[in-house]
Amino acid sequence: MGERLLTRNWGTPERHALKSYLAAGGYQSLKKARGMEPAAIVDEVKRSGLRGMGGAGFATGVKWGFVPRDNPRPRYLCVNADEGEPGTYKDRYLMERDPHMLLEGIAIACRAIGAQTAYIYIRGEFHAVADRLETAIAEARGGGYLGHNALGPGVDLDVWVHRGAGAYVCGEETALIESLEGKQGKPRLKPPFPAVVGAFAAPTIVNNVETLAQVPHILERGAAAWKALGVNGGSGTKLYGASGRVERPGLWELPMGTRLSEIVLEHAGGVRDGKRLKGVIPGGSSCPVLLPDEIDVPMTFDALMAKGSMLGTGCAAVLDEETCAVRLCLRLMRFYAHESCGQCTPCREGNHWLAKIVQRIESGRGEPGDVDLALEVAQNILGNTICPLGDACAMPARAFLQKYRAEFETHVRERRCPYGSYPIRPGGREITG
Amino acid sequence: MAPTLSPRLEQEIERLCERYPTRAAALLPTLQAAQRELGALDEAAIGMVAGALGVPAVRVQEVATWYTMFKLRPEGRHLVEICTNLSCHLCGGSELLDAVCRELGVRPGETTADGRFTVREVECLGSCGTAPVMQIDGAFVENLTLEKATAALQSAP
Ligand SMILES: Cc1cc2nc3c(=O)[nH]c(=O)nc-3n(C[C@H](O)[C@H](O)[C@H](O)COP(=O)(O)O)c2cc1C
Ligand code: SF4
Ligand code: FES
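In order, the protein sequences belong to chains X and L. One point on numbering: in my numbering, the residue at position 275 of the first sequence is 280, and numbering is uninterrupted. One point on numbering: in my numbering, the residue at position 145 of the second sequence is 342, and numbering is uninterrupted.
It is worth saying that the hints were derived from the structure and are not from the lab. Among these hints, one or two may not hold up.
[Stated by the list, open to error] Below, a list of computed lysine-lysine pairs in the PhoX-like style, where the Cα atoms sit at most 25 angstroms apart:
no., chain 1, residue 1, chain 2, residue 2
1, X, K312, X, K361
2, X, K408, X, K280
3, X, K36, X, K191
4, X, K312, X, K232
5, X, K191, L, K345
6, L, K268, X, K188
Kindly produce the complete structure, drawing on both the sequences and the hints.
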């Protein structure tokens, strides 16, 4: 399986406790970072090729470099622990099982960007995980890894857990910032980018949990050695998941760039009950679905982009021959219609229209021409909104409509759904990593 | 006399405010704390929170109504949330929601006549590898089956 960094402590008892983390060599990278110039940390992360694991894949070191050095305001780090992308279940385990790895990454990132306050914006539904983070923060303060002089003589660091309250769009970085400021989570127009004008009008870096958890490992082994752990053009390691209709749903730390086919067919044991594969959504519901003959692709941002999809969060969802593409598409359209913040007409109206048209097709009341109508609605959303949530609805919609067009048309022609109801079928395993 | 916050809640709000450069930023955690203590965020609660943070009541109202986890009126004693999004959908989450609703005699979003349960269909809970999934009063029940769901409902006080 290759080397494990993010999940290396997952097999130890009391894996979440400070003493376990220290016993495994934890917080040594922070010690190293305290002796480094901030710019040197940024350079090291740039050289590692680490890219943001929240979905967009922006180069982390480059983003850190955007923080203006001459701005007298305080700077902030916002940790994106919103994990709301349907199909995604990785940050939760990182925080629950090894919270100190994230805290060490936060501390190093704060030293690199010159921040002395970090907020962990965690989705409201993660009650137990948020409590665990609070406990870990208290432990780390006690050990001097956070709090007074944490980042060097005279340089303190406060880390606060900020709980969300149920809104997918708050995972978008500027919506997250609005929400942190105590407002509705409505995305801001960019530019200015958060690195220049972010939380409380101050320079702010927003990073995903998994992104930050990799940072201690980059410092520990050095950028080049970390980068070399990746394959097929990827850098380092990554948490990959496969859920849905597979034999063994799970989450695995694998070399970045592992092939999607390997994840689905080998690690997850292939399609469950010997059924035929129908498609794979590679990294959360916003990523366009891939057909079975498209999954022999490295799970990197660039390779999936070239296939017309996205890496997203790297947690794949698998459809089998008994999955109704129309029904699944409808469920996702209902989600995006519900989660639109309503600021942009194409997203507010278009997502609802997509849900409505697909609903009508699914329930056997579709009209000839509905598939083209839906495609046209999707086309009018694409690229016409403030934040990417509109695209996140339109892109998968278009892929479903185009790739399973015949199935949509069968629903219209036969005035019914040809698929039966679904079996309740849990995978029944612990997530091991 | 206008209702007032309990001293405990007032202290908690002051502690929360220390975390942020503005008092307004403590709004979400304050509403969460108020909801924990008061059960639901009615007009009086909204007014008290606004007063404590020094922000206009309409702002508080606007925020409390926007996020799905804030309760504006009392609901059942137990909140049952069943995910029917992507991975749960593929593993029978929608069928589970239907079955639980049938068992309790409610539709999604409704509260049982005895006031014990409110059932909600929810979006992805970040637990898709152990789908289907529900939360009861915020605690995960993973790899959900109808038997597991029934057992969780029965053991709720
Ligand atoms: C609608 C929407 C939801 C998002 N949700 C999340 C999320 O839950 N977690 C996350 O880390 N990033 C999410 N993102 C991406 C963030 O906007 C941002 O790119 C990311 O947090 C940056 O961190 P990274 O560079 O470390 O990936 C979302 C983006 C959009 C448009
Ligand atoms: S694209 Fe949708 S969610 Fe994003 S800002 Fe516009 S309306 Fe809001
Ligand atoms: S889809 Fe149900 S928990 Fe993610």
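Legend entry - Broken hints, by number: 1, 3 and 5
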